[in-house]
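Enquirer: Work from the hints to combine the two standalone chains into their complex.
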Amino acid sequence: MSKTKKKLRGAEIFIRALADEGVEHIFGYPGGAVLHIYDELYKQTDVEHILVRHEQGACHAADGYARSTGKPGVVLVTSGPGITNCITGIATAYMDSIPLVVFSGQVPTHLIGNDAFQEADAIGITRPCVKHNFLVKDVRDLAATIKRAFFVATSGRPGPVVVDIPKDITADSCEYAYPDKVEMRSYKPVVKGHPGQIKRAAELILSAHRPMIYTGGGVILGEASKELTEFTQMLGYPITNTLMGLGAYPATDKQFVGMLGMHGTYEANMGMHHCDVLIAIGARFDDRVTGDLEKFCPESKIIHIDVDPSSISKNVPVDVPIVGDVKSVLNDLVAAIKASKNKPNAGALKTWWKQIDEWKKIDCLRYEKTDKVIKPQFVIEKLYELTRGDAFVSSDVGQHQMWAAQYYKFDKPRRWINSGGLGTMGFGLPAAMGAKLAHRDATVVCVTGEASLVMCLQELSTCLQYDLPVVIVNLNNRYMGMVRQWQEFFYDSRYSHSYMDALPDFVKLAEAYGHIGMHIEKATDVESALKEALAIKDRVVLMDFITDQTENVYPMIASGKGHNEMHLAPQRELA
Amino acid sequence: MRHILSLLLENEAGALSRVAGLFSARAYNIESLTVAPTEDPTVSRLTLVTSGSDEIIEQITKQVNKLVDVIKVVDISESAHIERELMLIKLEARGAGREEVKRMVEIFRGRIIDVTEKTYTIEMTGDGEKLDAFIGALDSRIILEVVRSGVSGITRGDKAM
Chain F
8 MSKTKKKLRG AEIFIRALAD EGVEHIFGYP GGAVLHIYDE LYKQTDVEHI LVRHEQGACH
68 AADGYARSTG KPGVVLVTSG PGITNCITGI ATAYMDSIPL VVFSGQVPTH LIGNDAFQEA
128 DAIGITRPCV KHNFLVKDVR DLAATIKRAF FVATSGRPGP VVVDIPKDIT ADSCEYAYPD
188 KVEMRSYKPV VKGHPGQIKR AAELILSAHR PMIYTGGGVI LGEASKELTE FTQMLGYPIT
248 NTLMGLGAYP ATDKQFVGML GMHGTYEANM GMHHCDVLIA IGARFDDRVT GDLEKFCPES
308 KIIHIDVDPS SISKNVPVDV PIVGDVKSVL NDLVAAIKAS KNKPNAGALK TWWKQIDEWK
368 KIDCLRYEKT DKVIKPQFVI EKLYELTRGD AFVSSDVGQH QMWAAQYYKF DKPRRWINSG
428 GLGTMGFGLP AAMGAKLAHR DATVVCVTGE ASLVMCLQEL STCLQYDLPV VIVNLNNRYM
488 GMVRQWQEFF YDSRYSHSYM DALPDFVKLA EAYGHIGMHI EKATDVESAL KEALAIKDRV
548 VLMDFITDQT ENVYPMIASG KGHNEMHLAP QRELA
Chain G
3 MRHILSLLLE NEAGALSRVA GLFSARAYNI ESLTVAPTED PTVSRLTLVT SGSDEIIEQI
63 TKQVNKLVDV IKVVDISESA HIERELMLIK LEARGAGREE VKRMVEIFRG RIIDVTEKTY
123 TIEMTGDGEK LDAFIGALDS RIILEVVRSG VSGITRGDKA M
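Going down the list, the sequences are from chains F and G.
Under our numbering, the first residue of the first sequence carries the number 8, and numbering increases by one thereafter.
Under our numbering, the first residue of the second sequence carries the number 3, and numbering increases by one thereafter.
Chain G extracted, bound-state conformation (with noise of 0.2 Å):
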């Protein structure tokens, strides 16, 4: 099963690589990771997203717990949550093809924010499955870069991690 792991952490040097390599040293995996500072400069916010066993996801928890940086752990995925990825990508744009990857982008609402003679960059946001259709719906071989910041995810309601 998917897990969104939201971890409050000291802003601090090494505190990443405290998550991550616990991570490859119990042999936990990870399938997106991003991390930023809060309005607290001195905490930072992480979402790792990875897959596991209830018993896993428990020890994994645990373990992240564990962490003398880790502040809290909250697996939001547990509740109703929302999720949400930013793609930069760049396709080849020239011709009757041109007109083709514009219309593309209008119904996948994502935004056209460099353009040249040859190509388009484009900006969107969504959770991975859009992201993967808008991939999905494109010929492959107009696809230059990809760039995906991996997941970021917050519960919904009135409560506050």
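Isolated chain F, as found in the complex (with noise of 0.2 Å):
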């Protein structure tokens, strides 16, 4: 008598598979092409499914969740508009390389490409945007094409990946088996990196008298702060991190100068500028960081270690390129230097810090102090005090997310949430939601402008709904701050349609959600009003700070220049 398995409907291997994945949390919204699995998703406990409002808001509420996390976001939508509403989403995970599986329905087999009812090409559509995707033809495929979903999107460089699958698809029947693990012969991404480099890199990097190093988000989804930290203490450089690596390194310890780039500090992008020796560690040399191609690190011998070797020698030529998982590199690479005979140059290197000393000096991102106006700047800096630099903070896009990136220091990796390659607005209350979801005991915050906030604003529903209690700082000042200060610097002040008009009242807004509002417009007032929000722990406190309305991001290097040739301040600009 033969033994055969019980054979289970495509929306119940589904759920089945992300179980046996170790997916906890998904975020969704409900259509006709994914009925068959909300019905299965219905009838067990193992995967928690969290309702959006909006499928953008489930991309970026999976996106906060995996980067706080480090675990992949997982997605579900319908299919026609349910995923393209998630482009935006999807395209925003794979500028910064996080790690979503997005799962849409696809109409029935046999109506794919007949104009159904909800129908579109959701593999043509999110192909630019994706590290890859699959559509799934038989249901027998649908369990080792889940698996090798979050294989593709977890290793290597992350990033999202979207299966489509139809509806008859669901409602077919096979006999369900999860992979162990996964084999694809045109998919190896490289882990170790190459002896011979590490050990020329070594040296180059012990021969340095103007050493810096730059690093970027790939440390973090490395998980390799802890080896970057070793590597950089033990050799006494200078570090800078971009937008999207704060954190990797603490950014309260001494050998730290700060954010790099366009609105980097003065330290850090005289540092680069001025280096004979660059080690970049996870970053891929974007324009808001290098500014001026032609001007960038003119004096420098440069070593490159990133996990994709499209990105090394993509904007900027590289000496010392190394290939390979950023935490096995580093490993070895301290190894080699400890094994060298030869040590930093101690004499160099204080002549260096000398200079990095008189740099600081200038305090960059000192701003007027005063009791008249709530200065942006001051909000961030007391959210960093009052919550000791241990929150998860989440930002949108423009003025508020560089105040962000300049005034709070981030210790720890993966505390700082933002779209830093795509630039979304609408980014920062989803995500803030998905990494409270994630750590419900933690401190989350979104610091926000009142132009990002309205743009995914009904996810304070499903805050709500899911009690994720988290903070929301709007930085109001009534204008697209950074195309208004843009328009100011380039367009001769004429403000074309960069105001904000007809706002709403944001206290009323957020009781209308069940949440409470705050409404700050003293400079006095920000202190005792952060403390009493931070203080409520079980509700959501929409911060409605009335802030100047002109303040300008500064330093600033306008594109197209050089890291020599920043602006400070108006009245505090250098000779």
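Honestly, I wouldn't trust all of these hints.
What the hints assert, rightly or not - In silico lysine-lysine, DSS-like type, Cα no more than 25 Å apart, as pairs:
{"id": "1", "chain 1": "G", "residue 1": "Lys68", "chain 2": "F", "residue 2": "Lys334"}
{"id": "2", "chain 1": "F", "residue 1": "Lys321", "chain 2": "G", "residue 2": "Lys64"}
{"id": "3", "chain 1": "F", "residue 1": "Lys367", "chain 2": "F", "residue 2": "Lys308"}
Claimed, not checked - Okay, the calculated bits of chain F under chain G, using three or more residues with CB under 8 Å as the criterion:
{"id": "4", "segment": "125 to 139"}
{"id": "5", "segment": "190 to 197"}
Hint data in this document are derived by calculation from the structure and do not stem from the laboratory.
Ideal Cβ placement from N, Cα and C applies to all residues, glycine included.
Expert: Here is the structure:
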């Protein structure tokens, strides 16, 4: 008598596979093509489903969940508008290499290509903004495809993966077995760095007179903060982080010279310009970081460690490329440096630090302290103090994002959650929601502006439904601040459509969604209001700070300029 | 500089559009592209002719390699190689010109594969330059239709991709 295994329907296989993959939470929104799956969700308790209010919110929430935990974020949406609403969220994750697995329903196989109701070519539409995507054509492939999707999303340089599942597949049946591992002949990410290159890098690092360590989001994605800290501290070299890399190295440490790039610190950018050996780790030489490539690190040899070979020598030619997992390469590099007969050049280093300390004395982040108006920088400084630098902070995009990055000192990785690559307004609130779901006991703050906040405002309902009490710090200057700043600088102050008129009453708005709203107009109330809001642990608090309307973000390198061509605030411009 | 990239990729729906989409998304240029399954029906062989500086070609190779469906990429123009292209061309062949066309086909080692009272259809293989030369040698007024396959290429010597 042959023993046949019980057959399961595709929808059931889907849920079982997620549970076997260790998925605890998915963010989603139901619709016709995924009804079989939603019916199975109803019958089980292994996987908790968070019902968002818009599919873009689902992607950003899963993204915030992923960034704050290191685990992949999982999304489930229906066909047609369900998946097209996800595009911004998927592209956001793609640009920042965040592991997401997005499952979209599709019209039944026999209707594909027929312009059926709620049909969209999900594979075609998402192709340019995913690491990979799959269309499931047979229920027998479903479990293995899910396994592959998680493998591709989380390995190598991570990224979003879309799995499109036609409705009939979720109704068909087959035996279920979840694969233990994945073998793909066409996809084998490199882990170990080349030993010869590592040795060359070690010797170059030790020969430096004016070294600079420049690290990006790859260190956080690669869970290599500990290794980076050991590497940096054994050398005693200065270190700067990109916007995406903040928290990978403790910001309060004396070797940290702040963020670099367009709104980076004077000491970080000048250090980049004058260094003789640049050690780039898990960073991609983005244009907001490098400024004018012709003027980038003119005197420097460059070492670049990255898991993605296509990031190396893409924008800037590199002298010593090392392809590999950042954690593994850093471990090998530390060993190679210890084994070398050479030591860091103590004399040269002392002179270099003296120079850096001179640059630091300019105190480029100093701003006017006043009681007359709420300075946005002051709000972030107070937020930092009152949360002791230990909150999860998400942001939207614009001036508030830069101020959060400049004035909140992140000592730990995965605390700073922002859309660096795509620059997606509307990201902050849902991302904070996802982070809060993963860290229920932690303080989670969304630093935002009045223009960004309203772009995914509907997720306030999700926060209420699932009891996700985040603190929203709305730096309300009645402008799209960064657009206004550029118009002031480069368009003779013609503020074309960058003002925010007809704004809602944010206090009433918060209350309408069942939350607490606070309106803060006076600089002297900032600290007490923040204290009050942070003490409320069980409710969402939306804090509407009426801030200095025309404050600008400084320092600034205009696009197309070099690191040595920074502007400080006008009243303290350098000679 | 002109380069010929040979790719092995998973023979799956959408694999070709991933390659083609990458080129348009990153503003790389495609001069020609041919693709067909190999002796292993799960693998397709794609030959792509592109041009660019050494840095651009390096980026193209890395980006193509990064595609999850791509098994292998080789720039065959970096070493000794053979390239061939197939052309089918329909020409007007009337009166005195009919004999002239036939002679030209013989000189260029093509074959007449279809004949009507007014036309010849010719099959010709060679590298792109030879096919260009054939077209250049004809009176352009007699060319009715040209179909070119794009370049296929293979390296010389013992080694296989």
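Enquirer: Confirm or reject each hint.
Expert: Consistency of the hints with the structure:
1. Lys68/G - Lys334/F: Measuring from Cα to Cα gives roughly 21 Å; hence the hint holds.
2. Lys321/F - Lys64/G: At roughly 10 Å apart (the allowed maximum being 25 Å), lysine 64/G and lysine 321/F satisfy the hint.
3. Lys367/F - Lys308/F: The hint holds at about 24 Å.
4. 125 to 139: holds (count 6)
5. 190 to 197: With 4 residues closer than 8 Å to chain G, the segment 190 to 197 of chain F meets the three-residue bar; holds.
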